[in-house]
Amino acid sequence: MSHKMSQPPSLLNKWIQENNELVNKWKQPEKGRDTVRQDHNQPHLKWCSYEFHKLLGIIQGIPPNSDYTQLELAVVYNAGVCATAQAQFSEAELFLTQAAERVLQVTGGETGASDPLVCWRAVLKSVENTHLHPSVLYLVCLQWAIWLATCQLKTIQEFQEEMPSLFETLCGGVGDGAISEARSKSSNIPLMVMDPRRLIELLQICTSIALGAERLTEGQSSEALTGLQAASSLPAPRALVGYTHLLSGSCLTHMRRPQMALQCYRKALETDSRCVCALYQSMLIYRQLGNTQAEIQALRLLHSTLMLPSATDPALASTHLLSPSSLLCSQSLSSLLSVPSALSVLHSLALKCLLCGRVSEGVEHYLDLLAVLHSEDQQGLHTQDATIPRLPELYLEAGAALLMARRPADCLALCSEVISTTLELLPEKVVLEEPEERREAETRDTEGENRVAMVLWTAAAYLLQGHCHSHLKDWKQAVTHYTRCINLLVKVRLKKRDFQPQFSSADMDVQRGKDLCVLQKLKGLSLAGRGISFTQTDKLKEALRDLQLSLQAFPGIFLCTYRNLSLALCWTQQSSATEYRNLVLPSQPGDKKRMPCHLMNRINFLHPVKRNPLSQQTWINRESKLEHVLRVHSV
Amino acid sequence: AMEGRCAVETWTEFGFLGTSTTPKVRFGTDVFICTGNDEVYVFSTHERKLKASNCFSVKDDLPLCCVSFSLNMTFHSCRAQSSSPDSSSIPAELKISEFLVIEADGVSSLLLVGTVLLTLSQRDSSWLMTLYKTPEQTESSSYEVLGSFSLPLVSAVVQADTESKTSVLICLHCGDTAPLTLPHGHFCLEPVLFKLLFGVEAALAKSPVILCGLPDGRLCFLPLRLPGARLRVLHSIEQPVVFVGASVVTETGPGHSQCLVAMGEQGRVVLIKTEKGRSEDGSSLAGFTEGIVSGPVQCGCLDRNCLYYSTGSDLLLLDLSEGSSGKESKERVEETSRKTLQSPTSLNVSRVVALAEPTSNTSVQLLGLSVRGQLQRISLPARRKDAGLSKLPSAQVGRSIRDLLSAIGDVCERSSVLKTAIKSKNQILRHLNQVVNISFLLTATNNTEDDPAIKEKPIRCHAMTSWSRLLQKDCLNLTCVLDNSSPFVLERGWTLSVTVFPLCCSSTAGEEISSANFSFPFQNLNSGETLEVLLPIAAAGDSSFPMTVNCSLIFSLSSLLGEQEAASSNISLPLNTLTVDWLNALQLNSPTARHKMVTFQPGSITTDPIQAFISSRQIRCSGRADRGAESGSRPEKYSASVRVSSELLKDSLVLKNSNLDPKISLSSLTVHACGPNGATVKLTAKKVGIVFSDELEVQVESSSMTAVCGLHHAVLSRIQVQTHTHTVRLNTIFREVQQNQISGALGVGMTAGQMNPGLLSVYQELRQNPLLII
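Chains as they are written, first to last, in the working numbering: chain A, 5 to 639; chain B, 1474 to 2247.
Accuracy of the hints is not assured; some may be wrong.
Okay, the calculated beta carbon distance ranges per label pair [claimed, not checked]: (1) A:H135 x B:S1912: 49 to 59 Å; (2) B:E1763 x A:R549: 36 to 46 Å; (3) A:S329 x B:V1909: 31 to 41 Å; (4) B:R1703 x A:K31: 53 to 63 Å.
If you want the footprint, here are the derived chain B segments under chain A, 3+ residues with CB under 8 Å [unchecked claim]: (5) 1664-1672; (6) 1966-1975.
Derived by calculation from the structure, the hints in this document are not laboratory data. These numbers were taken from a predicted model, which means no experiment stands behind them. The C-beta atom is built at its ideal place from N, Cα and C for all residues, glycine as well.
My request is simple: use the sequences and hints to build the entire structure.
Below you can see the structure in the form of C-alpha cells.
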C-alpha cells in the first residue's frame, strides 16, 4: 500500500481520513446507544449515508485509477451498507454496479454485463490475485445482503451453485489477513462501517433461515430440516440460532413427529429465552396431543413472556448496522414466526382453564383480561389480530365463568352492563337469513350481522341472569329473565323455515350457521330454565309446556334436561359435566370450538336442587308426571 | 331571522398580515395563536390582554404542521404547569419542553387524548394514524409508539387538487362514560348515536372514539381502546373536510351532543343524528342529512343549535334545530323526512379565518380571528322568539334585497380591484424577469474580464466627440450611443447614466474632482436598437484631458414597485468605460477636417486624426519634419516622439477598424491642430527605417507642454503598449507634470524655467530616447 502513497499522497490521504472520520463518527454514538431503540438512529444513519454518498461522488469524480480503487471500494461498501440499512436497495445496487464497472475499467476486464451474476464473475476474475480481491469480495457480500433483504433467494442459490468455490472463500473468512494488517496502521487504511466478517456470518445464517422457511412453506420439510440443522451450528447471534431450532421444530411438526419437534422447541428456548414463538408452537403441539395441563402451562408461560417489557422490543435488535430483521423479511418466515397477542393468549388461557374445570383460575384470568381492557394503559391493545372474541361475548364468557365459580352477583353485574349497552339499539324484529341468500345481500352485511349479534348477546345476557337468579333460588326473578330472553329470541325470524341447524355444516357459512345454532340453543336453554323455575313455583303446567318447547327448539338440551331431571338426585358437579360432555356435545353441529363458551357449560346451572333434600322429594314427584307427559307426546 | 347587526369588538391585533398560511388557533380561556412562523401568542380572554408572545422558536425549516404540533405541546406543558399550586393562570413565559417532536413527516394534525398523543399523517399510499404514549414527566422526551393504523388513500382524483393537507381530528366520548371536563376537540356524544355510529363494543369498552376528517372528504373513526379495532370510514362528503364538531341541537338533555356535524370546503354540510323508528324493523338508525351551503368555507364552530361558518367574505349562521319548539310533533316528523337544511343567515362579518364557540351563556358571542390578525369578539344580536319560517313583511323583504344587491356590488367591485392587481403584478413580474435577465447578462460578462475577447458586452456604448460653437464659445460634445444587441428589451425604468471625470484627478489639489454625471431615462429600447444622447464634456480652454467616461445602466425598482415597497433599491449595471483623450479633443486647423471626430474605447477605433494621420503616413512615407525643441534652440517649442513599427500600427490600430472612412485623408503627413486648451500642435510622422525598414517616428510638437504631454500620452495609449511598464512610467510622469501645472501658475505657454527642473530632466530623458515599440 505504501508505495501507492508516494504518487498522489495528499488527496488519497485526505479521502481516507474523511472516510475514517465518518466511520468513527458512526461508531462513536453507537457505543452509548445500547439502551436506545433502533429507530432513534435513523437521522444519524441518514446523515452518515448522505455523507458517504457525497464522498463517493467526489472520489468517483476522477476517472478510475488503480491508486484510488481500494479506497473507492471501501467507500462504496460503506455507502452501500448505509443505504441497505435504510432499505434503499436500488440505490445500494446502483453503487455496486457503478463500482463494478469502474473496477473493470481499471483492470481492463470486459464491461457491460447487465446480469449481476455475470458482472460479478467478470469483476472477480479480473482482480484475481491482486490486492483488490478482498475489497471486491466485500462488495459481493453486500450484493448478497441486498438479494437476501429483497427475498431473491433464487438468485442467491444460483450464485451459490455457480460459484461454490467463491462461496467457500467468502465464507471461509477471507480478508482476515488484510484486516489484521490494517489494524496495525489504521490511519492509512480505509475503515469499514461494518466488519465484513460479521456480515458474512450474518448472511450465512440468515440465508439458511430464509431458505428453510421457504422450503417449509413449499412443503419440502425434510430438505428444509437438513439445511436448518446444518445452520444451527454456525456462529451467529443467539436469536438467529434459536430461529434455526424453531424452524427445525416446525419441519418436524410437518413430518408428524411432535415429540422431536418439542425437543427442537425446547432447544430454541434454551438458546434464546425470548423466543416466544417456540413457546407458542409447543403449546399448539400440547393442544394437538391433548395434554391440557401442559398446554395451560405453556399458555401461562407464553403470556408472562409476552408481558415482559423486552418482548415488545424487536427480538433481533442488533449492534450492527445491518440488523438480521432487515435481512429476514420474507412472507413465509414472518408467518411462521407470528405469535398471537398477549391479550389473545390470556383469553385462550382463561377459556382453557374454564373448559378443563379449573374454574377459579379461569375466572382470575378473565378478570385480568377485563382489567387490561379497561386500563388507561394502552399497552398491547393496539394489535390488529382478531383472534379475540368480540367484547360482549368476552363479557358473557367472563360472566359464565363467574357463575361457575359461584359468584352470581358479579355475573349479574357483567350481564347488566351488556344489556344496558345494547338495550336501546335492539330492533323490533330481525331476520336471520339463510346462508346462500345472505351471500347475495352483502350490502347490509355489518349492520344486519350486528343486529342479529346484538339480539343474541342480549338474550344470552338475560339467560345468564336467569341462571344467576335460579342459582340464588329467586325463582320469580329467574322466570322474569328467562322470559325476557325468550321474548327477545322470538323476534328473530328465520327466513327459511325448513332450515335445520344440524345440517348447516361448517363449510357452508360458519357464522350464520353458528348464529342459528346459538339461537336454537338459547331458546332451548331459556325454555328449559324457565320450565325448571316453574317447577319450583308449582306451576307444573307451564313447566311442562316450556320443557316441551325446549325439546322442540333444541333436542340436545331436552335430552340433557330430561336426564338431569331423572337423575338429579344423585348428580354431583363432576358427573354433570361428564353427562354434558357425553350427551350435549355430540348432538351439537360441528366441533365444540365454534360454540360460544357462555353457552357450553350452562348445563351445570340446571341442577339447582341437588343439595336440597326437601326439593328432591318434589323433583321425584314431578318427574314421574313429567315423564308421563313427555312420553305421551313423543309417541 | 336576525335583528340588527353583529357587534364586533376588536380585542387585540397580532399583525400577521399577508402570511400565506392560515394561522393556527386554539381557543379557550386562553387563546393560542400561531402565525405560521416562529411566534405563538397567548391571549387571555379574562384579562383581555396578551400574556405572552414568541414563547418558543421553531426552526425555519420545520413545516407548519410541526408548528401546530408545538402548539399542542404548549397545551400539554400548560397542563403540567397548572398542576402546581400558584398557577391559576398560565405563566407569562411558557416553558416548552425541548423538542418532544416525534420524527414523523407530513403530520397534518394531532390530538391529545388522556396520555395518548395521536398524529395523523399522509404517507405515499395511505393515511397513517400513530398513537404515542406521552411520558409522565414533560422532561423526559421519549414518546413511545403504542401503535399505528393506516387507511389507504383513495385514487388521486380528489387528492391531486387538494394542496392543503389539513385534516381535522376530534375525540368523541360516549355520553355516560365521558369525563366531566372535556378539553378542546373533545365532545360528549349521546350514547345511542355513539353506539349506532361506532358500535356496541366501543361503548362497552368505554373507549373514546377518534374521528378524523380527511382532505379527500372521508370521515374516519377509530375506537381507541378496543382490541382489534381498525380505522374505518364512517362517511364521505367528497370535499376537503374543514370542520367536524358535535352539537346539542335540541334544547333538552343533560348536554350530550345529539348531532355530529361535518363541513366541507365547498360548503357541503352533513348532520348525523339518531333517527328513531325510521328503519323497517322499528329500531333506531343513524341518519345522515346532507346539504350544501355556498362556500368556500374557511372555518366553523358550533354552539347549542347553530353552526357558524366563515366564507372569508362573510360569517354565516346555519340553524340546525328542527324548527322551533312550539311546533307540532307531526310537522316535525314531516320536516325531518324532508331532510333539508334551513338556509343560512348572514351575519355581515367578513374576513374571519378562525372561530371559536361562544363563551357566554346569556347572549351568543363568538371569538373570531380575522385575516388581518385581529382577535375579535363577535356578539350576535338577540334572536327573536317567533323567528323561523314566518313570512317577512314586504318592506323588510325589499330591504333585504337592497342589502343583497349592495353586497353583490361590493363583491363585484372588490373582485375587479383584485383582478387589476393581479394583472399589474403579472406585468411587474414579467418586467422583473427581463431586468434579471439583463442583469445576469451584464454581470456574467463582467466576470470574464481577464479575457478581452469576451469582454464585449451585448449592451454597450460607443461615443463620438465633436466641437460645436455655442454662444461664441467652443465646446466639446460627446455623442454617446447605447447599443442594445442583447435579445432583451430594455423597458421602462432603465436609465443610462454617464459619468465623466478626468483620468488623472489630483487628490492633493484643493479643487474638487470635477466629475459630471448625466442621466438619461428612456422608455423602451428593443433588441438591436440604439439610443443616442449628446452631452457636453468640456469647454474650450479646459485642459483636464484625458477624461474617463463611465457608462452604466441603472434600473430603479421604485418606479416599478411603487415608492413605499422599494424605497432605496436601485440596480446599477456598469457597461463600459470610454476615454476621451487629447487626440479626440483636437480641433483640426484644416477647415475640411473640422468635422466630427470619433472617440473610442481603446481598440475599437473608427476615424480620428491620428488614424487619418497614420494612414496618410503609409501612403507617402517620405520626408522628414523638423525636429522640435529637441536641442532647446526654440525654447517655446516642445516635442515628443514615438517610434513604432508600421506593422504594429496596422495591427493595433488599423486592421481592427474595417469601416475606415476612405474619404477622410489628409493632404499632408503633417497635421496642424488646435488643442482644447487653445495651444496649436503639430503632429508629424516620418519613416526612420534604420534598423527596421518599417520603423515610423511619430512626433508631437507644440509650444504648450501640456499639449505635448497629453498628445504623447494619447498616442501611446492608442498604440496599446503591450509592456505596461512604459505606460505606467509615462503616466506617472504625465501626472507629475500636470500636478506641477496645477499647483503652479496654470496657463498656456509656460516656460521651461518655471518648471521643476528635476521633472524636466526626467521628461527630457524620456523624450530623447523615444520608446521603440515593435
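Open item on the list: Looking only at beta-carbon atoms, does the pair R1703 (chain B), K31 (chain A) fall within the given range of 53 to 63 Å?
Closed with: 42 Å, violated
Task: Per-stretch coverage check for the region 1664-1672 of chain B, three Cβ contacts closer than 8 Å to chain A - done: holds (count 5)
TODO: With 31 to 41 Å as the target window, see if S329 (chain A) and V1909 (chain B) comply at their CB atoms.
DONE: This hint is violated: roughly 53 Å between Cβ atoms.
Task: H135 (chain A) paired with S1912 (chain B), Cβ distance criterion 49 to 59 Å - done: 55 Å, holds
Open item on the list: I want to verify a distance hint. Is the separation of the beta carbons of E1763 (chain B) and R549 (chain A) within 36 to 46 Å?
Closed with: Violated, since E1763 (chain B) and R549 (chain A) (Cβ atoms, about 52 Å apart) do not stay within the stated range.
Open item on the list: Is the listed coverage of the region 1966-1975 of chain B by chain A valid when you require three or more residues with a beta carbon under 8 Å from a beta carbon of that chain?
Closed with: Per the Cβ count (0), the hint is violated.
Of the numbered hints given earlier, the model fails hints 2, 3, 4 and 6; all others are met.
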